[in-house]
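Peer 1: If you want the building blocks of each chain, they are given just below.
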Amino acid sequence: MTVKECYEQIQGDYEGVFARFRGDERIKKFAVKFLADGSFESLCNTLNAGEYEEAFRAAHTLKGVCQNLGFTGLFQVSDKITEELRNHPGSYTLSMLEEVREEYQKTFTAVQALKEEM
Amino acid sequence: MEKKNRSREKILIVDDSEMNRSILADMLEEDYEILEAADGQQGVAMLQKLGAEISLVLLDIVMPVMDGFEVLAVMNKNQWIKDIPVIMISAESAPDAIQRAYEQGVSDYISRPFDFWVVQRRVVNTIMLYAKQKKLIGMVTDQMYEKERDANLMVTILSHIVEFRNGESGLHVVHIQTITELLLESLQRKTDRYPLSHEEINMIVMASALHDIGKIAIPSEILNKPGRFTDEEYEIMKTHSSVGASMLRDLSLYQQEPLVKVAYEICRWHHERYDGRGYPDGLKGEEIPIGAQVVAMADVYDALTSERVYKKAFSHEKALQMILNGECGTFNPLLKECLLDVSGQLQEKLEESFSNVKSEREMRNFAEEIRHHEELGASNRTLRLLEYERMKYQFFSSLSQEIQFEYTVSPAILTVSEWGAKRLGISEITVNPWENEGIRESWEKEEIQRLRETVLQTTPEEPVFRCFCHTKIDGKVCRRQIVGRVIWSEGEKPYYTGLIGKVIEVLEEPENTVNQKNGPCSEVEIERSREE
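Chains as they are written, first to last, in the working numbering: chain S, 1 to 118; chain D, 119 to 650.
Read the hints as simulated data drawn from the structure, not as lab findings.
Here the structure is a predicted model, which is why all the values come from computation and not from measurement.
Don't take every hint at face value.
Said to hold, decoys possible - Straight-line distance between alpha carbons at most 20 Å, and here's what the computed SDA-like set of lysine to any residue pairs gives:
| # | chain 1 | residue 1 | chain 2 | residue 2 |
| --- | --- | --- | --- | --- |
| 1 | S | Lys-28 | D | Glu-147 |
| 2 | S | Lys-33 | D | Glu-435 |
| 3 | S | Lys-33 | D | Phe-234 |
| 4 | S | Lys-115 | D | Glu-136 |
| 5 | S | Lys-28 | D | Ala-143 |
| 6 | S | Lys-28 | D | Arg-230 |
| 7 | S | Lys-33 | D | Thr-615 |
| 8 | S | Lys-28 | D | Ala-156 |
| 9 | S | Lys-33 | D | Glu-136 |
| 10 | D | Lys-167 | D | Thr-615 |
| 11 | S | Lys-33 | D | Ala-421 |
| 12 | S | Lys-33 | D | Leu-146 |
| 13 | D | Lys-167 | D | Ser-545 |
| 14 | D | Lys-454 | D | Val-427 |
| 15 | S | Lys-29 | D | Asp-144 |
| 16 | S | Lys-28 | D | Ser-545 |
| 17 | S | Lys-80 | D | Ser-545 |
| 18 | S | Lys-29 | D | Ser-545 |
| 19 | S | Lys-29 | D | Ala-212 |
| 20 | S | Lys-29 | D | Arg-230 |
| 21 | S | Lys-33 | D | Glu-147 |
| 22 | S | Lys-28 | D | Glu-136 |
| 23 | S | Lys-29 | D | Phe-234 |
| 24 | S | Lys-80 | D | Glu-147 |
| 25 | S | Lys-33 | D | Ser-545 |
| 26 | S | Lys-33 | D | Ala-212 |
| 27 | S | Lys-29 | D | Arg-307 |
| 28 | S | Lys-28 | S | Lys-106 |
| 29 | S | Lys-29 | D | Thr-615 |
| 30 | S | Lys-29 | D | Ala-421 |
Unchecked claim - FRET-style restraints, in silico, Cβ to Cβ:
| # | chain 1 | residue 1 | chain 2 | residue 2 | range |
| --- | --- | --- | --- | --- | --- |
| 31 | S | Glu-5 | D | Asp-592 | 57 to 63 Å |
| 32 | D | Gln-217 | S | Glu-5 | 37 to 43 Å |
| 33 | S | Lys-80 | D | Met-257 | 49 to 55 Å |
| 34 | D | Gly-169 | S | Val-32 | 32 to 38 Å |
| 35 | D | Tyr-220 | S | Met-1 | 40 to 46 Å |
| 36 | D | Glu-608 | S | Glu-83 | 45 to 51 Å |
Stated by the list, open to error - One-sided and incomplete, this derived list gives chain S residues near chain D with beta-carbon spacing under 8 Å:
| # | residue |
| --- | --- |
| 37 | Phe-18 |
| 38 | Arg-20 |
| 39 | Phe-30 |
| 40 | Lys-33 |
Beta carbons: idealized from backbone N, C-alpha and C, even for Gly.
In isolation and in its complexed conformation, chain D is listed as follows:
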């Protein structure tokens, strides 16, 4: 077999007894790379550092500093337990301990004394099971990805046929999709009157590309006429919405398909007006499905800002003003608010190139699909990306010779770049740093307090901070500047989840700053990077 060629999978053994670790290592080292941790805290630090590179954890329960259950709690909190299987190995024979371990998500429980062969078999089985599961997840997500890509491609081809005949650039459909998506997302943030899931939003965005398919039935002399329409021509032109709808209605086999239903509504009613004076049915207010309302607005905006055979392009501001003033139809007041809210983003997004917009949206849809299938967890693809990013980060930080750090609030772990750790005289990974003696020696209490205050003054909008502090570098107290970025959680009420940053030299000051340590640690200096 090709066993020897592939890089060996890593097993982390967390046990306070060196003897127990070495017995387990002896059983497994032939086939696996063994990592050892002498207590829970070291174990968590390794998990933090290596993540899903670790294929399996063998975990003891009773350990100093941090016991096995605490390790499981951290693994659950960070959702590591979903990707990294844990086998508990313990002399703990109490049935409630075994039950608790299973409840906290361990895959297996092996009691001491353990049998050589049983441990080997269970380890192999667990790793294989997880590997199979990951492979299956990868296959399913790949298929979903392919499916969505193909569907998008078909819709794009179809809508291009219409546009091609129309003599339009091909960007109209892309623009409609982008504007529709922005408006719908803004609407979801604003109100719960139109509750739409991510899938439904994706569906409307996809269907919006089909809004003008009825134009295929309009004679090209009318469609591409440079001057004003006669009344008769205008009546013919107006039929495109109902014609498009009937084309979809004729797909008798697919009437139950959500995409067809949504596309039907959009085709038929994207020229209705909120005041009831639109066509073809004169629907009024909320009688018009929300998808059609949004596409109608997107259509008007894009028509205004694009050049056509019969008109020049209006500026973004002018178009916005015309829509808001009701010069181009009447719209749902809530949608007008949404348009105003996204107006800044709108211009930016529309300026992005065609391919960018397209592939980005595809990827986002894909990511959302994943997020909405909880059982899929993190796919192989995302895991690979993550591992790649981690590797890249570690490589660059090792080259940079900078004191870089990362802090997570829960669990409280401070990670410092290899070189930085050496210079500060602390370990690369410190769990509960505020209780750590090495760290307390490097920083004065007031300095930490000041740093904390600075951090707390940041906001999700302005997450970057700078402050000066005194810290021990190569055993000597020096004045340094800390530049960092606070990480805030997503969601309505963001909270502070950690920070990243680096310690840099203060150039304009002489090196000899040791004396300053005696005086009270002076100024709090916060300069928001924005102000520079």
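One chain only, chain S, in its complex shape:
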């Protein structure tokens, strides 16, 4: 699978990230680091514990990472939950996290596949 195909699978912004990173090699190098990034896990844990301020920061970090890597789908949902947690932490519902989880898993699987071909 090429980097481009990987991004197509997750509706990522391949052109954008290619322009910013100047080449597939570098995209790949950092895209696979996403697999080890702990911000999603941290988001789940903090939400479970009801620590909304920490959760906000985790969501914010996740959003930033996705933005850099052009993971548009995951970026959109993490951006949404970030703003919810920033503005109305009390109105958080489980479905918001589920939305993020779904996109996260999709992205994770695609990037995992990319990594295995390296």
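Given chain S, work out where chain D should sit, using these hints.
Peer 2: Showing chain D alone in chain S's frame:
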């Protein structure tokens, strides 16, 4: 290019996401040395440790423990932001965040997602801009330094010509300058009736060297006559003040120069008396410019305490007494108070060698110039000195195998020497130490409270303190002595800004002191070092 030879500039990346840090590091590590901090507090600790060795900070906003804006606040408070440029990199798209960042002094703001090439260009530009600015500041300060040195040199040569003819040692002019400076500084502390800026004081001090230039026109038979003057000779001698003044007045092109104006006043009126019975004009009280009043007093003091062809030297105390009793002319009562106030320092300063006095004053003037040109900030020269001191300190403290520490109140940061940190089991740099768990484990609450009380009992005059405490060393509670020095701010109402010190072993006690921990932590022992 010689790029490879020079040591690489350091960039500090402060971002809580390891991924973001590594992307940024990847972009920059080819040309720069990259330092990373995972939150604001670690970032501040690194800035505290390395200071202006860091050429640039890339700063995220949303971070745990201490966010980007708090880091900027600390950088502003410590004025680090003047020397270390900051580029904010954030996914924070809210316009007010961007505005706030610029208002807090960041050089640039890069939004995520960032472009590889744009980050590289902006980083290079910002570092180059600051480097250029520092270079220019260095050039300007060097020139100012040269200029002031040359001017001082010319004045010194000129006044030596006069003294040489006079058969004097050459120290008279230096003494006059030293006394004049001490008196003027004391006067500024005492009253605001004669408001003088640092520049004006420097000017008077420099001009004071010229007070006797008129003596060049006095025949040397009179000038160097060992015995008493006849009335006629005395009248001729007295002309030196007005002659000196007219020499300066004849410099028609330079009448507007402040130095010439001040020197004119000093030459003409340094033999006036406060009661109006002096010469050449019989000016009275405040009609005599303050510069001339001060130089007159300095001149009398130095004449009294020096040996001359016609007299022996009086002691410092005797000279002081004679001036205060009005045996050698009348002076402004405020100046008499000043003379009394500085009398202790006076003797000490005058005893310092010629070269010492001279170069020290030059350096001080130079430093003052810098301080009065705010836009210049800290010059390259001072930065280099600071870096050198820092390096020296770190080297010696690493050799000494002592538990040395430094604490600053704002921001509250405790820095412990490398070896000390190891033995105490805490990190080398701790932000907000009183809220830190490791520190709380090492010291009992009451111990910290006692230390605090001891510290608060010091004064700017007696800043050294000693106290005993129990602390965990290598995991074991031991009784130790803390010797420290409290740092007080300058100014009229000094406040406590931090302390430095070390933890030392208590020699006369056996090592096994663990049991003491159970009892209430005993005595507060403050022994001012002075009493020893």
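Peer 1: A separate judgement is required for each hint: does it hold in the structure or not?
Peer 2: Structure-based check of each hint:
{"no.": "1", "hint": "S/Lys-28 x D/Glu-147", "verdict": "18 Å, holds"}
{"no.": "2", "hint": "S/Lys-33 x D/Glu-435", "verdict": "80 Å, violated"}
{"no.": "3", "hint": "S/Lys-33 x D/Phe-234", "verdict": "17 Å, holds"}
{"no.": "4", "hint": "S/Lys-115 x D/Glu-136", "verdict": "19 Å, holds"}
{"no.": "5", "hint": "S/Lys-28 x D/Ala-143", "verdict": "16 Å, holds"}
{"no.": "6", "hint": "S/Lys-28 x D/Arg-230", "verdict": "19 Å, holds"}
{"no.": "7", "hint": "S/Lys-33 x D/Thr-615", "verdict": "44 Å, violated"}
{"no.": "8", "hint": "S/Lys-28 x D/Ala-156", "verdict": "24 Å, violated"}
{"no.": "9", "hint": "S/Lys-33 x D/Glu-136", "verdict": "9 Å, holds"}
{"no.": "10", "hint": "D/Lys-167 x D/Thr-615", "verdict": "18 Å, holds"}
{"no.": "11", "hint": "S/Lys-33 x D/Ala-421", "verdict": "82 Å, violated"}
{"no.": "12", "hint": "S/Lys-33 x D/Leu-146", "verdict": "18 Å, holds"}
{"no.": "13", "hint": "D/Lys-167 x D/Ser-545", "verdict": "13 Å, holds"}
{"no.": "14", "hint": "D/Lys-454 x D/Val-427", "verdict": "28 Å, violated"}
{"no.": "15", "hint": "S/Lys-29 x D/Asp-144", "verdict": "10 Å, holds"}
{"no.": "16", "hint": "S/Lys-28 x D/Ser-545", "verdict": "37 Å, violated"}
{"no.": "17", "hint": "S/Lys-80 x D/Ser-545", "verdict": "38 Å, violated"}
{"no.": "18", "hint": "S/Lys-29 x D/Ser-545", "verdict": "33 Å, violated"}
{"no.": "19", "hint": "S/Lys-29 x D/Ala-212", "verdict": "30 Å, violated"}
{"no.": "20", "hint": "S/Lys-29 x D/Arg-230", "verdict": "18 Å, holds"}
{"no.": "21", "hint": "S/Lys-33 x D/Glu-147", "verdict": "18 Å, holds"}
{"no.": "22", "hint": "S/Lys-28 x D/Glu-136", "verdict": "16 Å, holds"}
{"no.": "23", "hint": "S/Lys-29 x D/Phe-234", "verdict": "14 Å, holds"}
{"no.": "24", "hint": "S/Lys-80 x D/Glu-147", "verdict": "34 Å, violated"}
{"no.": "25", "hint": "S/Lys-33 x D/Ser-545", "verdict": "29 Å, violated"}
{"no.": "26", "hint": "S/Lys-33 x D/Ala-212", "verdict": "28 Å, violated"}
{"no.": "27", "hint": "S/Lys-29 x D/Arg-307", "verdict": "66 Å, violated"}
{"no.": "28", "hint": "S/Lys-28 x S/Lys-106", "verdict": "17 Å, holds"}
{"no.": "29", "hint": "S/Lys-29 x D/Thr-615", "verdict": "48 Å, violated"}
{"no.": "30", "hint": "S/Lys-29 x D/Ala-421", "verdict": "82 Å, violated"}
{"no.": "31", "hint": "S/Glu-5 x D/Asp-592: 57 to 63 Å", "verdict": "58 Å, holds"}
{"no.": "32", "hint": "D/Gln-217 x S/Glu-5: 37 to 43 Å", "verdict": "41 Å, holds"}
{"no.": "33", "hint": "S/Lys-80 x D/Met-257: 49 to 55 Å", "verdict": "54 Å, holds"}
{"no.": "34", "hint": "D/Gly-169 x S/Val-32: 32 to 38 Å", "verdict": "37 Å, holds"}
{"no.": "35", "hint": "D/Tyr-220 x S/Met-1: 40 to 46 Å", "verdict": "43 Å, holds"}
{"no.": "36", "hint": "D/Glu-608 x S/Glu-83: 45 to 51 Å", "verdict": "48 Å, holds"}
{"no.": "37", "hint": "Phe-18", "verdict": "10 Å, violated"}
{"no.": "38", "hint": "Arg-20", "verdict": "4 Å, holds"}
{"no.": "39", "hint": "Phe-30", "verdict": "5 Å, holds"}
{"no.": "40", "hint": "Lys-33", "verdict": "5 Å, holds"}
The earlier numbered hints that this structure contradicts are 2, 7, 8, 11, 14, 16, 17, 18, 19, 24, 25, 26, 27, 29, 30 and 37.
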